[in-house]
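**Student:** This is what each chain is made of:
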Amino acid sequence: MTGGVLLEARGVGKHFGGVKALDEVSLTIREGEIYGLIGPNGAGKTTFFNCLTGLYVPDSGGFAFAGAVLAANAPQRAAERGIARTFQNIRLFADMSARENVMVGRHLRTRAGVFGALLRTRSTREEEAAIRRRADELLHYVGIADRADDLARNLPYGDQRRLEIARALATEPRLLCLDEPAAGMNATETEELRLLVDGIRRDGTTVLLIEHDVKLVMGLCDRVAVLDYGRKICEDVPAAVQRNPAVIEAYLGGGLA
Amino acid sequence: MTRSWLAPRPLAGIVLIALALVALPFVAALGGQAWVRIANFAILYVFLALGLNIVVGFAGLLDLGYIAFYAVGAYLYALLASPHFGLHLPFWAILPLGAIVACGFGVALGAPTLKLRGDYLAIVTLGFGEIIRIFLNNLNAPVNITNGAQGITLIDPLALGSFRFSGNSEIFGLVVSGPQKLYFLLVAMALVVIGVNLRLQDSRIGRAWQAIREDEVAAKAIGIDTRNIKLLAFAMGASFGGIAGGIFAAMQGFVSPESFSLIESVMVLAMVVLGGMGHIPGVILGAVLLTVLPEVLRYAVGPVQQAVFGKVIVDPESLRMLIFGLALVLVMRLKPAGLWPSPQRRRELAAGAQESP
Chain G
1 MTGGVLLEAR GVGKHFGGVK ALDEVSLTIR EGEIYGLIGP NGAGKTTFFN CLTGLYVPDS
61 GGFAFAGAVL AANAPQRAAE RGIARTFQNI RLFADMSARE NVMVGRHLRT RAGVFGALLR
121 TRSTREEEAA IRRRADELLH YVGIADRADD LARNLPYGDQ RRLEIARALA TEPRLLCLDE
181 PAAGMNATET EELRLLVDGI RRDGTTVLLI EHDVKLVMGL CDRVAVLDYG RKICEDVPAA
241 VQRNPAVIEA YLGGGLA
Chain W
1 MTRSWLAPRP LAGIVLIALA LVALPFVAAL GGQAWVRIAN FAILYVFLAL GLNIVVGFAG
61 LLDLGYIAFY AVGAYLYALL ASPHFGLHLP FWAILPLGAI VACGFGVALG APTLKLRGDY
121 LAIVTLGFGE IIRIFLNNLN APVNITNGAQ GITLIDPLAL GSFRFSGNSE IFGLVVSGPQ
181 KLYFLLVAMA LVVIGVNLRL QDSRIGRAWQ AIREDEVAAK AIGIDTRNIK LLAFAMGASF
241 GGIAGGIFAA MQGFVSPESF SLIESVMVLA MVVLGGMGHI PGVILGAVLL TVLPEVLRYA
301 VGPVQQAVFG KVIVDPESLR MLIFGLALVL VMRLKPAGLW PSPQRRRELA AGAQESP
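Those protein sequence lines, which keep their order, are chains G and W.
The working numbering puts the first residue of the first sequence at 1, with every later residue one more than the last.
The working numbering puts the first residue of the second sequence at 1, with every later residue one more than the last.
Chain G extracted, bound-state conformation (with noise of 0.2 Å):
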């Protein structure tokens, strides 16, 4: 199911004054897999993110993605290139309607420019149809269909989520990046979110999911790594990594493993 490698990681670092963020993270991320990384409150999971989608600048090493290296501090090259990521704390459009969000996130994969938008050429019109057809597509896909013409603010919080995941997912990822799709959920939505992402894999994207949610990373992921004070400490299948004596300790601290 799994093939080569999608996403390369090396030697990342990233400090905030004497705090190290990241320290010296090397990961690799294979196409078609979905790929966890969990680890305790503060770890560096969302400074690994923002690195990767180019929102912070690593102070040490680098990414390369499907065999090109990647540009740092460039966000909307990340983009291009492939990776859509959602955010721990949704970052909407509050007020443009579940619709308008998605088609702003066909923004990069459409061409139209002022004069088009001006004199409302042929093509102009044919890539708003399109655009509009794609993001009820995506919105279809995700499960809030029926939302379209709500605004995001009025959103139920889940629906929030999955509507920023159908933002993500209009961009075209290679690399969908979920930043704790799940926080917040019961078990029933949780549930639903894992068959999403399960669903989206099996249509061709990977995903790197960041979660806290142990039950859900150890049900969906294929591979796990785990992070600690910045470092990795830890890259395994699931079931070894529930074993790893390093995890055990750094989630349950010292002297209990």
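Simulated from the structure, these hints should not be mistaken for laboratory data.
Even for Gly, the Cβ is constructed at its ideal location relative to N, Cα and C.
Each pair of labels, with its calculated beta carbon distance range:
hint, chain 1, residue 1, chain 2, residue 2, range
1, G, His140, W, Ala93, 51 to 59 Å
2, G, Thr110, W, Leu262, 38 to 46 Å
3, G, Thr110, W, Phe184, 34 to 42 Å
4, G, Gly113, W, Pro96, 13 to 21 Å
5, W, Ala141, G, Arg132, 52 to 60 Å
6, G, Gly113, W, Ile134, 33 to 41 Å
7, W, Pro281, G, Arg153, 21 to 29 Å
8, W, Leu262, G, Arg132, 42 to 50 Å
9, G, Arg132, W, Ile14, 23 to 31 Å
10, W, Leu116, G, Thr110, 26 to 34 Å
11, W, Leu116, G, Gly13, 28 to 36 Å
12, G, Arg153, W, Leu330, 26 to 34 Å
Put chain W on the given structure of chain G with help from the hints.
**Tutor:** Just chain W now, kept in the frame of chain G:
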């Protein structure tokens, strides 16, 4: 969606508005040609405010130096169509050129500054506006380009072939004055800029602007090149400023640096904010009100005092600005989203108030 204010309006409404627009200069002329000129200025400011609306209302970039582009357009027209350099190019050649040159200035200002946000951007653009004005004031030595503080006089009035937009002429047996002819030209141009605003708002570019306004980080993360898209807003806004400036120069026949002071930038911004940022009908309302109200006060304040107290107690000029300022404060206090806000902006403000009690 954003166009709903237009769509459901029956044909009758559009015809009514058109008739009112046609009748206006003739009705205004009953009170003297001065009122036609005031109407012309109101439309010119509609044009200008809609240009700034692209920058402030759509893309959410606070620009306090917008009048600089107006100045660039005005001076370009003045230099290319006056005895100052002995050039007399036709206006249909200068106005597009003004748009392009102002657009260039917009890019020159935008490129280095668009990493700044909010207040910081406002301060830099404010500085830019002043720099342009000071340049215009001092570019008379060693080579006299702008004629300094004296400004440039005897600018050619608008003319299309043998048809002149100044002086009376008889059309279909009706005597039409210069300002009235100008009025129709301005209305036509304002309709174009309204169309541009409407179409931009409801497009891929318009959505990207809105996304940047709402959450720049998220916009970047989905691959919007925020720098270029913001630059585009700046360039487009500047182009409209440049065109408006050219018309202004032709209308007045005279330009000098003092027409482009900071207070002018503030006024245009006030039109956008007071009317309802990002909402095209609101911005039009704001521009018309802020142009016409001070003029009405100018004519009303003195006689009203005379009638009530039997003498003029407070100098009309200072009382006029006092009332005007008070009106602005009241509007912002009672209708913080503007007089005629877009449904969307009203929600944004309401939500903002909830989040920060």
